[in-house]
Amino acid sequence: MLAAIYLRDVRLAWSAGGGGGVGVIFFLAVTAVAPFALGPDLPLLARIGPALLWIAMLLALLLGLERLFQADHEDGTLDQLRLADTPLVTVVLAKAAAHWTAAALPLIAATPLAGILLNLSPRLLLVTLASLVVGTPALALIGAVGAALAVTLRRAGVLIAVLVLPLSIPVVIFGVGAVEAASAGRAIGPPFALLGATTLVFAVVGPLAAAAALREAD
Amino acid sequence: MSVTSDTAGKRPSIINPGRFAGIADRAVPILAALTAVTLCFGLYLALWASPEDYQQGSTVRIMYIHAPSAYIALMAYVVMTSAALGTLVWRHPLADVAARAAAPIGAAFTLATLASGAIWGKPMWGAWWVWDARLTSMLILFFMYLGLIALSRAIEEPARAARITAIATLIGFINIPIIKFSVDWWNTLHQGASVMRLDGPSMPASMLTPLLVMALAFTLLFMTLHLAEMRTELLRRRARTLRLRAARNAG
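Residue numbers (numbering that gives the first Met the number 0), protein chains in the order written: chain A, 0 to 217; chain B, 0 to 250.
This is chain A alone, in the form it adopts within the complex (with noise of 0.2 Å):
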């Protein structure tokens, strides 16, 4: 049954207009217009670039999360996965699970492309990719419980972004003080285990919460 909903809702986003290349596009997009804001300095880019590409990671993962429950809400799909013997709990957990994957992946498989773009070294690159394989799962986590909040409302995009984006806070602190940590050659320990405490908390939570909510969209 959980299988069955993550490969669906994988399945629809890869084949439904394309959500998951737009959101390459859109997030090598962000990427690329930093360089024209800041300048063309490839020292000052290599500095700051794991921190752009951990904004434009989370402002790409922002761009699918109205629809994660709300097409389902409006075909009457949500109805029956609440009547299902499932708990609603690991439903929302198998939804998070799929968008990560529809969503996230294709991104962090494009990292290492933008990360060329803006001059990473090779090791700052691989720090980089280890923190948002860690990180991404909680802003998914935390993109589920926005979603659900607003399932019921017209235009929640803005909304969600508003809920999400001070609550995703903690995870870009200790996503970039781990690279942080490794380009002053300080031990990364400490802040990788921070960001995979901070995901698993909202492995916890999220769902919890995000079927709450679920459940009082009728």
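No wet-lab data here; the hints were simulated from the structure. We put the beta carbon where it would ideally sit given N, CA and C, even for glycine. What you were told as hints is all true, and nothing was included just to trick you.
Some, not all, of what chain A presents toward chain B, calculated at C-beta under 8 Å:
hint : residue
1    : 144
2    : 148
3    : 151
4    : 152
5    : 158
6    : 161
7    : 162
8    : 165
9    : 166
10   : 168
11   : 169
12   : 204
13   : 208
14   : 211
15   : 212
16   : 215
SDA-like cross-link-like pairs, simulated, lysine to any residue; straight-line CA separation at most 20 Å:
hint : chain 1 : residue 1 : chain 2 : residue 2
17   : B       : 179       : A       : 168
18   : B       : 179       : B       : 211
19   : B       : 179       : A       : 193
20   : B       : 179       : B       : 134
21   : B       : 179       : B       : 129
22   : B       : 179       : A       : 172
23   : B       : 179       : B       : 111
24   : B       : 179       : A       : 171
25   : B       : 121       : B       : 61
26   : B       : 179       : B       : 73
27   : B       : 121       : B       : 135
For each label pair, taking beta carbons as the anchor points, the in silico distance ranges come out as:
hint : chain 1 : residue 1 : chain 2 : residue 2 : range
28   : A       : 153       : B       : 240       : 24 to 32 Å
29   : A       : 104       : B       : 207       : 48 to 56 Å
30   : A       : 111       : B       : 126       : 33 to 41 Å
31   : B       : 84        : A       : 157       : 26 to 34 Å
32   : A       : 46        : B       : 231       : 49 to 57 Å
Got chain A sorted already, so can you dock chain B onto it with the hints?
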């Protein structure tokens, strides 16, 4: 709504909305008077009777506005969180009224904290704003208040708006300890905690007393505003019910 109004008739207590309105009617003027007296006394202590700081001179007096505002900004969120629990666990209508009334007040005090902090920061640090952990987390708190207000206004049906906003409030509470302890966890420009410390306040009594009086005044001010706004919100809801009933009868 109908379930709670049935039980409210059998339970004559302060949590009955009608009885609450009566109590609020009598409490608001008393609280307002208490606030005015305490605030005047506190401002006298803070602006005239307290000593100047050996480093900061008279500028230190901004603290007597700044620190209590920050404390109320956080306390309003704690009030909203407990009200959110009341909404979700007991489904009590008054809990939602309390949460809804606290949000704009909390946002206003957060803004007051940010503004007074900027006015204090300009002469002390040479900048209106620095990207320091405490400042940034207060700004985030401000965005959280605005997001919650926007969310509760975006949902038209009151009962659902109450529960959805309550869930969002509980999730946002994760950030409150981060805001409170940001000065202790990150060693940044903003000075560390100097009143609520395990080893006692690190401040002379001549400055601590006005600060505590101002904190009491701000607490009373918050209670006055909160009760008044809760009363207004109840009236607003009664007006809405009457309007709906009138529309139904007309149709």
